[in-house]
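Using the sequences and the accompanying hints, generate a full structural model.
There are 2 protein chains.
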Amino acid sequence: MQKPSKMIYMDHAATTAVDPRVVEAMLPYFGTRYGNASSIYGLGQEAAKAIDEARRTVADILACQPREVIFTSCGTESDNLALRGVGWARRNLGKGNHIVTSSIEHHAVSHTCEQLEKHFGFETTYLPVDQHGLVDPDDVGRAIKDNTTLISIMYANNEVGTIEPIAEIGQIAREKGVPFHTDAVQAGGTLGLDVNELNVDLLSLSAHKFYGPKGVGVLYVRQGVPLLPTQTGGGHEHNYRAGTENVPYIVGLATALKIAYEELEANNRRIAALRDRLIEGVLGRIVEVALTGHPTNRLPNSASFVFKYIEGESMLLNLDLAGVCASSGSACGSASLEPSHVLLALGIPHEVAHGSLRLTLGRENTTEDVDYVLEILPGIVQKLRAMSPLYKANVMRKT
Amino acid sequence: MQKPSKMIYMDHAATTAVDPRVVEAMLPYFGTRYGNASSIYGLGQEAAKAIDEARRTVADILACQPREVIFTSCGTESDNLALRGVGWARRNLGKGNHIVTSSIEHHAVSHTCEQLEKHFGFETTYLPVDQHGLVDPDDVGRAIKDNTTLISIMYANNEVGTIEPIAEIGQIAREKGVPFHTDAVQAGGTLGLDVNELNVDLLSLSAHKFYGPKGVGVLYVRQGVPLLPTQTGGGHEHNYRAGTENVPYIVGLATALKIAYEELEANNRRIAALRDRLIEGVLGRIVEVALTGHPTNRLPNSASFVFKYIEGESMLLNLDLAGVCASSGSACGSASLEPSHVLLALGIPHEVAHGSLRLTLGRENTTEDVDYVLEILPGIVQKLRAMSPLYKANVMRKT
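From first to last, the protein sequence lines are chains R and S.
Taking this note's numbering, the leading residue of the first sequence gets 1, the next gets one more, and so forth.
Taking this note's numbering, the leading residue of the second sequence gets 1001, the next gets one more, and so forth.
The hints are simulated quantities; they were obtained by calculation from the structure and are not laboratory data.
Among these hints, one or two may not hold up.
Computed footprint of chain S on chain R, listed as stretches where at least three residues anywhere in the stretch have a Cβ under 8 Å from a Cβ of chain S [stated by the list, open to error]:
| # | stretch |
| --- | --- |
| 1 | 122-135 |
| 2 | 141-153 |
| 3 | 172-186 |
| 4 | 221-231 |
| 5 | 238-245 |
| 6 | 350-359 |
Where is the CB? At the ideal position from N, CA and C, for every residue including glycine.
Here it is, written out as structure tokens:
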């Protein structure tokens, strides 16, 4: 099959192109509207007003108060601020030092827990997940101790797309009086974000996952939840996050989020149909392959697999040569040679976890894109397996 | 005098408009070059390459190794990472918990020291300054104790423009074996940044002070200086700062810094002449006014004053009405009604410190701009003083 003239991008979980409408909304703030939002003259107040409007837009989508929205520099910062900020503040109040989280969190959560354990005297419980990547809310309830100060469970997993039972977990957290944070970075722009329906007290978002720019995020913090700022200086963001406001990106984030939720249903429906076509095609055309994550309760744009007898990275390079951008799991850990902690937590054997492939669809993908991938992928898999000593041994053993 | 058709911006210490050449350099990374720099396919590697180039550009200007350059989300983050990161890492190594800083630092440094003291068991010495805002290097030497783990003294003060004797302080720090951080946020784009000439081990920069975007900064960290990351997650920035890289802004920062240092001499010479015209004009035309900061050893673009019997804020609003953007001190603290901690540290009385005005010039300012301000300012001052009970009492006492 002919390599397509245009690159086919199927790694929307890693990042997205900025929507041209978002770029257009940001541009004036690089140019004539360049004021510092803390300045009292007109140019500064114009910037402050733009931030206020952006904050209201985000608050409307989260069904919260504008004051509960903190703009940060990325999803990782939001996660860090939630864990460190609440962890430290509540410990100061004598509310304990124990964090409950899952074993499939993004490193922004898990590595932060590890540092809090290693250097700041915290204790963490990492809950297991089932073979589909689901956290059992009852496990959360059982893990809560007298010194539990925070629960952090992701909304949807970035590698396998599984959607966690956030509202149920939130209900349990509320009954026990423990603040509940969810890393919604991968869910933002796709799943509902009403913080009351979700029963969450803190929620992280990152703009570049929903066609906004890289380098701006949100942390929602429910009023009354104590938070020690992790970045101190001027009194920006209601004293929660110091630093001159990144006006263009804050405007960009709000614009991107608004577009995503205005067009949510149509996009999700169309993209989920493409995802199903992709999953069925891969499972139907290739042997010794399994879908990872939950079969149905998954992000509408996420298709993830493990292929036996293959190194995921070889698959990616071959797909790249054929004009397709894909991932073996998380972009954030792609420099690592270790298999994904998420796949291992799902009970996938070490050697199989190495053969992971994540295809995450987006607004610009078409049926033709999916069909092209379904055309070329079997050949790539076959070629790579033919070079695999393990595969040969297995085939020989079977015959 | 007629209000000018175009706004006159004299608050370049607060922020600057993004140079159109910088916007042009950034734009492709919002559009077709939107890859995640951690992704292994071509689109991702293209982003990684852009970051590598930006890092080299910055390293060339700092005369350091690219690996020693960490991109952050702003100058405040850079300062926080320096203080918290080195503070925590060296304390873990048994290198003490005492920080030496000055009493005129930006809040990004001083408030971070305060939090480290209040919540993390650190101890801080705040060194005094003389009436011009200068730190005495011998004071630094005398303040260093066995448990001193970090020294942080700003390169140039953001409110009064005074340039500190960084190289001398660095020499003393080196002799005592204590890492030395300088907040160069206000100096970046104007003063030399060679980290070896400056004898610094850590240095903070913020792009929006030199015609780059708001929301991206640099922390230089000399090889061998231990640093505990304050934002954990993926292994970005050589494991020093997690979070998907903000490719457009990183490219923008490097482009802006390169332009600033290519055009440094001509800009500094021209702008310093405007500054001198402004200072001489204000001191010559208005009574009961004093220049704040050092008379000569000051940033080429900075003119700062205190006017007796006036509230700085009233002056700013009147200037704004006349089409001039100015500041009473730091934009970052402008929501506060307290007089500037910097002016108080210079020994300026509380009631006089309230009458501060900072005019910071930039590339687009002209002689006509300066002359316009010199035309209107005496009238504004006269009008405000006429309404001041203190002024009337004083005038009556004198006559």
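Going down the list of hints, with the structure as the test:
no.: 1; hint: 122-135; in the structure: violated (count 0)
no.: 2; hint: 141-153; in the structure: violated (count 0)
no.: 3; hint: 172-186; in the structure: violated (count 0)
no.: 4; hint: 221-231; in the structure: holds (count 4)
no.: 5; hint: 238-245; in the structure: holds (count 4)
no.: 6; hint: 350-359; in the structure: violated (count 0)
Hint compliance for this structure: hints 1, 2, 3, 6 are broken, all remaining hints hold.
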